[in-house]
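J.: Generate the whole structure from the sequences, applying the supplied hints.
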Amino acid sequence: MTENLQPTIPDQTPTGKTNKTFMSSLTNILLPLGAVLLAMLVGAIPIAIAGVSPLDAYRELMIGAFGSKFGISETIIKSAPLILAGLGFAFASRCGLFNIGGEGQIYIGALGTTLVGITVYGLSPWLAMPLAILVGGLFGSFWAAIPGVLKARFGISEVITTIMFNYIGINLVAYLIRGPLVEPPGYFPETAELAKSTWYPMLFGSRIHLGILVAVLFSILIYILLWHTPLGYQVRAVGMNAAAAEYAGIKVKRNMIIAMMISGALAGLAGTNEMLGIQHRLIEAFSPGFGFDAIAVSLLGQNHPLGIVLSGILFSGLRAGAGAMQRAVGIPDAIVRTLQGLVVLFVVASTMLPQFIARIRSFRQEK
Amino acid sequence: MTKDKIPLLEMRDITKRFPGVLANDRINFRVHEGEIHSLLGENGAGKSTLMNILYGLVAPDSGKILIRGKEARIHSPLDAIDKGIGMVHQHFMLVDRLSVVENVVIGTRPPGYPVFRKETAVERVSRLIKEYGFEIDPLSPVHLLSVGQQQRVEIIKALYRGADLLILDEPTAVLTPSEVIELFRLLQNLRQAGHGIIFITHKLNETLEISDEITVIRQGRVVDTVLPQNIDRAGLASLMVGRNVLFDLPHPVFEREQRVILDIQDLKVVDDRKIETVKGVSIQVRNGEIFGVAGVDGNGQRELVEAMTGLRQCASGSIIIDGVEVTGKSPGEILAQGVAHIPEDRQVRGLVMGFRIDENLILHDFNKPPFTRRGFLQHKEIYRWASQRARDFDIRPPEPRLKAQQLSGGNQQKVVLARELAKQPRLIIAVQPTRGLDVGATEYVHRKLMEARSDNAAILLVSTELEEVLSLSDIVAVMYEGRIVGTMARDEIDIGKIGLLMGGGHVD
Numbered sequence: 001m002t003e004n005l006q007p008t009i010p011d012q013t014p015t016g017k018t019n020k021t022f023m024s025s026l027t028n029i030l031l032p033l034g035a036v037l038l039a040m041l042v043g044a045i046p047i048a049i050a051g052v053s054p055l056d057a058y059r060e061l062m063i064g065a066f067g068s069k070f071g072i073s074e075t076i077i078k079s080a081p082l083i084l085a086g087l088g089f090a091f092a093s094r095c096g097l098f099n100i101g102g103e104g105q106i107y108i109g110a111l112g113t114t115l116v117g118i119t120v121y122g123l124s125p126w127l128a129m130p131l132a133i134l135v136g137g138l139f140g141s142f143w144a145a146i147p148g149v150l151k152a153r154f155g156i157s158e159v160i161t162t163i164m165f166n167y168i169g170i171n172l173v174a175y176l177i178r179g180p181l182v183e184p185p186g187y188f189p190e191t192a193e194l195a196k197s198t199w200y201p202m203l204f205g206s207r208i209h210l211g212i213l214v215a216v217l218f219s220i221l222i223y224i225l226l227w228h229t230p231l232g233y234q235v236r237a238v239g240m241n242a243a244a245a246e247y248a249g250i251k252v253k254r255n256m257i258i259a260m261m262i263s264g265a266l267a268g269l270a271g272t273n274e275m276l277g278i279q280h281r282l283i284e285a286f287s288p289g290f291g292f293d294a295i296a297v298s299l300l301g302q303n304h305p306l307g308i309v310l311s312g313i314l315f316s317g318l319r320a321g322a323g324a325m326q327r328a329v330g331i332p333d334a335i336v337r338t339l340q341g342l343v344v345l346f347v348v349a350s351t352m353l354p355q356f357i358a359r360i361r362s363f364r365q366e367k
Numbered sequence: 001m002t003k004d005k006i007p008l009l010e011m012r013d014i015t016k017r018f019p020g021v022l023a024n025d026r027i028n029f030r031v032h033e034g035e036i037h038s039l040l041g042e043n044g045a046g047k048s049t050l051m052n053i054l055y056g057l058v059a060p061d062s063g064k065i066l067i068r069g070k071e072a073r074i075h076s077p078l079d080a081i082d083k084g085i086g087m088v089h090q091h092f093m094l095v096d097r098l099s100v101v102e103n104v105v106i107g108t109r110p111p112g113y114p115v116f117r118k119e120t121a122v123e124r125v126s127r128l129i130k131e132y133g134f135e136i137d138p139l140s141p142v143h144l145l146s147v148g149q150q151q152r153v154e155i156i157k158a159l160y161r162g163a164d165l166l167i168l169d170e171p172t173a174v175l176t177p178s179e180v181i182e183l184f185r186l187l188q189n190l191r192q193a194g195h196g197i198i199f200i201t202h203k204l205n206e207t208l209e210i211s212d213e214i215t216v217i218r219q220g221r222v223v224d225t226v227l228p229q230n231i232d233r234a235g236l237a238s239l240m241v242g243r244n245v246l247f248d249l250p251h252p253v254f255e256r257e258q259r260v261i262l263d264i265q266d267l268k269v270v271d272d273r274k275i276e277t278v279k280g281v282s283i284q285v286r287n288g289e290i291f292g293v294a295g296v297d298g299n300g301q302r303e304l305v306e307a308m309t310g311l312r313q314c315a316s317g318s319i320i321i322d323g324v325e326v327t328g329k330s331p332g333e334i335l336a337q338g339v340a341h342i343p344e345d346r347q348v349r350g351l352v353m354g355f356r357i358d359e360n361l362i363l364h365d366f367n368k369p370p371f372t373r374r375g376f377l378q379h380k381e382i383y384r385w386a387s388q389r390a391r392d393f394d395i396r397p398p399e400p401r402l403k404a405q406q407l408s409g410g411n412q413q414k415v416v417l418a419r420e421l422a423k424q425p426r427l428i429i430a431v432q433p434t435r436g437l438d439v440g441a442t443e444y445v446h447r448k449l450m451e452a453r454s455d456n457a458a459i460l461l462v463s464t465e466l467e468e469v470l471s472l473s474d475i476v477a478v479m480y481e482g483r484i485v486g487t488m489a490r491d492e493i494d495i496g497k498i499g500l501l502m503g504g505g506h507v508d
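Chains as they are written, first to last, in my numbering: chain A, 1 to 367; chain B, 1 to 508.
These are computed hints drawn from the structure, not numbers from a lab. Because the structure is a prediction, the values reported are computed rather than measured. Check the hints yourself; a few may be wrong.
Only part of the chain B face toward chain A is listed, based on derived beta-carbon distances under 8 Å [what the hints assert, rightly or not]:
1. 332
2. 349
3. 353
4. 354
5. 375
6. 377
Subject to a maximum C-alpha distance of 25 Å in a straight line, what follows is the list of computed DSS-like cross-link-like pairs (lysine-lysine) [unchecked claim]:
7. 253(A) with 368(B)
8. 423(B) with 329(B)
9. 268(B) with 279(B)
10. 251(A) with 423(B)
11. 251(A) with 368(B)
12. 329(B) with 253(A)
13. 70(B) with 5(B)
14. 251(A) with 403(B)
15. 274(B) with 253(A)
16. 329(B) with 251(A)
Note that beta-carbon positions come from the ideal geometry of N, C-alpha and C, so glycine has one too.
T.: Structure follows, in structure tokens:
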């Protein structure tokens, strides 16, 4: 055999490739930012129609979200559940699953935490709080495991089952706080107050509580889990190409169930966060749709823990600023909902951007 | 030849640059009426780009397209169709449940618009069928047709739209030898009727047989335009690859002790539709031996391989690998027996395209030392190992942090080989190992398989490329409709007999 038997495949130069990788990580950051800017641009139209200067409105929004001590603490407080539930959605996504059931898992997680909180009176905070967190996560995990098993075992779409489990979870909580768990004498649909030993302590002498640190801690843990452990490797392999993973001997179904359980646990912790940090008792409608906003948070954050932390803060900033904007310039906070929707729309649209640019280029050349 | 006439198609100085690659570099290409013109080149040589430009899918950076001497602006496939250009893709674009006629007229303004006058459509399509001798029932639903017949429907579709220039993209890749003969007969009819035909291929024998003229492209440039009578296979190959190519690998005979490594006994497997597609197959493969399974696609090869690799349940029978029964075991357990898989479709089964090269290289062993220690992936160790593999297997560029999807097809296959052959497997199951690869990469894969044979591995090669099976195998078996219908040793190979067996004929 001769020596020069190397195939002559016209490869792109290595430097070209590196550039490409660098470019793609740059676009990973620029695209979401562009989406946010575009959303604000389009959002200016309804604001102007309402007879208010969009610049004034956005200034008030920014001040409300980041311009005062109160605003900043509100933004941070509201970001914790969004980050946790966003991580949950992202984890399932990495395994190729769409867990739309974050909202239900939040309620069930809150239920788990509450069950601990109303029984551990007298226990040291060093035991009571971790126990309340653990059980909250386990409950959320269990709630997501059912759709996970149904998917793995019978191939039932997790999209449908997780949506359905939202209703079951929310209504189960509604029933329990009116019946078995209602605080005597039972005038209000709520449970007794959780033992103080389970509460998240306040930080920095503000309303900010331990929850944000828990959320950041879990962001780091999930990052490590996904990119530095064999489990994360398997989950990502299954998510990107289940057929190849199966061929390579990875147990696809098992990984799907595990991914759903971790996803549900994270959403459950968002419920725990609301119990231990804010509400201190289980009530109805304590979540204004964190589980659904989490999907947007995760999308904007490109399913990456760091991105999710940033987009979680952005979304909660929009929420926190909405009230201020409403008070200052009299615009309904529905506008902020519209903004959130627009952000998601443009993020999804931005994934089509490269193709779009290519088409425009080829169009120009015709001219 | 009608050289003095105005060509049906002339592409002048076509240049197209993609980021980092000059895909087409001042390409000149002409096709005359009544001419079959082959476009020959390796993958990535620029054939597809050129044809995509012609079909309006890609805009050239510079250059002109002239149709019958008049400059044509083609911005979309609709423009192309309008200008009389028809394309028959490698993967058919047909609606299974609809009839031939319906598939042909779909997407055009139907006769009798706004209603659909089916009789008129049938009449028109039947006329086309008769005119060119397609021999096909216009009312038959497409899913009842053979692959060769379905291809004819695609050609009729193009003709119905008024194509006088036909582009056929690797048309013989999916056909049996007898279907190829039938296709060539049809192409000759079309040539006689004055159509121009562009025949994209990498199969040298066929090019020589059917073409009036051959244009060879290498690295975006036209290397030469030759007449088939003035060149042979080796000459074409070296034009295409840019150096001499070894067609017949040395096939050394070793004196060594052999025992059965893979022993399949009376295996029966059903497919997803619960139809039995493997109907009692028995195969023995010994160490240091390549056992080739030839056959046309869809005769149970896929189910056979899936059963062997643990992806599909066996209905009955047994599979024993080196004395260990693996029937019904999971893919992981079978891999652990020292089995390597080179799967049929590397992008579906072989690689995680979104993973980096190094991540793909550890797909089997990611959770074992040295890649995982104390529960954590050891990225440095993985990177170092992957760099070594990339060098050993000449993966280009040898940068393990690139994603698999950034590599060319040949280099993707090298990643699969680097992973599968790294562990010195006892048994290699290679399915269509060179599908979609160019001559150079094919040669590389073949050489690696021969090396594994020298290293005493048992190799089961399943391929629809008869040439590949014949050049590599020590034993050739033919699979037809779920059965092994014939087996012969290397020294008693009879190509005529194999062709007959592949088509379901009987041999005494």
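J.: Run every hint past the structure and note whether it holds.
T.: Hints and how they fare:
no.: 1; hint: 332; in the structure: holds, 3 Å
no.: 2; hint: 349; in the structure: holds, 4 Å
no.: 3; hint: 353; in the structure: holds, 7 Å
no.: 4; hint: 354; in the structure: holds, 4 Å
no.: 5; hint: 375; in the structure: holds, 6 Å
no.: 6; hint: 377; in the structure: holds, 5 Å
no.: 7; hint: 253(A) with 368(B); in the structure: holds, 21 Å
no.: 8; hint: 423(B) with 329(B); in the structure: holds, 20 Å
no.: 9; hint: 268(B) with 279(B); in the structure: holds, 5 Å
no.: 10; hint: 251(A) with 423(B); in the structure: holds, 21 Å
no.: 11; hint: 251(A) with 368(B); in the structure: holds, 16 Å
no.: 12; hint: 329(B) with 253(A); in the structure: holds, 16 Å
no.: 13; hint: 70(B) with 5(B); in the structure: holds, 13 Å
no.: 14; hint: 251(A) with 403(B); in the structure: holds, 23 Å
no.: 15; hint: 274(B) with 253(A); in the structure: holds, 23 Å
no.: 16; hint: 329(B) with 251(A); in the structure: holds, 13 Å
Every hint, counting from the list given before, is met by this structure.
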